[in-house]
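Residue-level listing of the chains:
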Amino acid sequence: MHPVRKQRLFLVIALVVVSSAVIGLSVYSMRNYADFFYPVSKIVAGEAPLHKSIRAGGCVVPGTILSAKDRLHTEFVITDGAERLKVEYDGLLPDIFGEGEAAVVTGKLNDQGVLVASQVLAKHDENYVPPEVAESMTDTERHNEACKGMNYGS
Amino acid sequence: MAWQWFHRLGSPKWFYEKTTAWLPWLGFISITLILLGSIWGLAFGPAEAKQGNSARIIYIHVPAAVLAMAGYYVMAISGAIGLIWRMKLSFMVMKAAAPIGAVLTFLALFTGAVWGKPTWGAWWVWDGRITSMVVLFLLYLGIVALQEAYQNQDTADKISSVLALVGMVNIPIIYKSVDWWYTLHQPATLKLTEKSSIDPSMGYPLLLMILAFYIFYAWVLLLRTRVEILKREQKTNWVQEIVAKG
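Here the protein sequences come in this chain order: A and B. Taking this note's numbering, the leading residue of the first sequence gets 1, the next gets one more, and so forth. Taking this note's numbering, the leading residue of the second sequence gets 1001, the next gets one more, and so forth.
Hint data in this document are derived by calculation from the structure and do not stem from the laboratory. For glycine and all other residues, C-beta sits at the position ideal for the given N, C-alpha and C. Among the hints, erroneous ones may be present.
As the list claims (entries may be wrong) - Covered by chain B, according to a simulated footprint, are these stretches of chain A (three or more residues, beta-carbon under 8 Å):
(1) 63 to 75
(2) 118 to 129
Claimed, not checked - Below, in silico cross-link-like pairs of lysine-lysine (DSBU-like), each with a Cα-Cα straight-line distance of 35 Å or less:
(3) B:K1195 / A:K42
(4) B:K1235 / A:K6
(5) B:K1176 / A:K6
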């Protein structure tokens, strides 16, 4: 290789390495702000602010979904396997929201530690299964990948 | 010598003449595969158990996103070759790749939004994956804009190559965003090292569509590069001859 070209090759490599390092370190330092939601444990541990709009992510604990009959009001509990958080929501739920499914809830924590939600999003997992295969699966297998094998306590 | 083939590749005339015969093949194969894959995925493949028919958008969404990211490497590496070897053709490929990548990135974002509304309950969220894809879209637009911003083509090529190379770090960030951070977007379904978490009845049409998009990308990139060659070499005899022939 011609020495001038070799020199330019090193310059290009240096450009990529240095800029990647700068951007990579910036992204690394922002890692705590780049999360879309708080896991439930962090909220229960008091890391999330009260009365401010935050997002919480977790799996909907089976058997905890309570819907009011006379109005649009739902209560449920989400968990990350370690801690639990109660959610209240007056609004429409997405189609794939359900027991054992992952959900991301936007809302404000009140003094009782209940998340009063303004929006509930369902998180789909990476599994793509046709309906006939899904029917032959057991209840736990059918749950969201992120919620599989989770200890829901009693 | 060893580098001869490489230097010959730098001749726009050689490249233009060589690729003329490839175009109809690439066009025919890619359109056929896209039609086959779409019909397979949309009409014969199953619906997804939880999402229903809206899951079928992966046959466009995933290939568009894959090529948006792979196309960025094409663009950045072409820019690097142009910078190092001062190869005119390489810069032309870089310029040609930018708008294609922008369109593919937009397509991935758009199809994702259409799918997100019924699945997540929101058509747009600023999570790690979506935000880094927006950055990719802006990088592509930046290259397009820089190419138009300079009177001197040589300056435009060098500056846009530098931007393309600096932005290259975004590609692994997009790829790993779903693993590094809590995101609403799901992790990768197609995996290289372990079993993919998609049923084969949906996985095969998806792989076919990804292959089709790769060939389609090559076709469009060639077409755009050839236009760029004619534009930049318009004063040369061989281009004038082509124009004279009509």
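B:K1176 paired with A:K6 [C-alpha distance capped at 35 Å]: holds (32 Å)
35 Å Cα cutoff - pair B:K1195, A:K42: Between B:K1195 and A:K42 the Cα gap is close to 32 Å, so the pair holds against 35 Å.
Pairwise hint evaluation, A:K6 against B:K1235, where the allowed Cα distance is 35 Å at most: holds (32 Å)
Annotated coverage of the region 63 to 75 of chain A by chain B, confirmed only when three residues or more have a Cβ within 8 Å: violated (count 0)
Coverage of the region 118 to 129 of chain A by chain B, judged on three or more residues with CB within 8 Å: holds (count 11)
Of the numbered hints given earlier, the model fails hint 1 alone.
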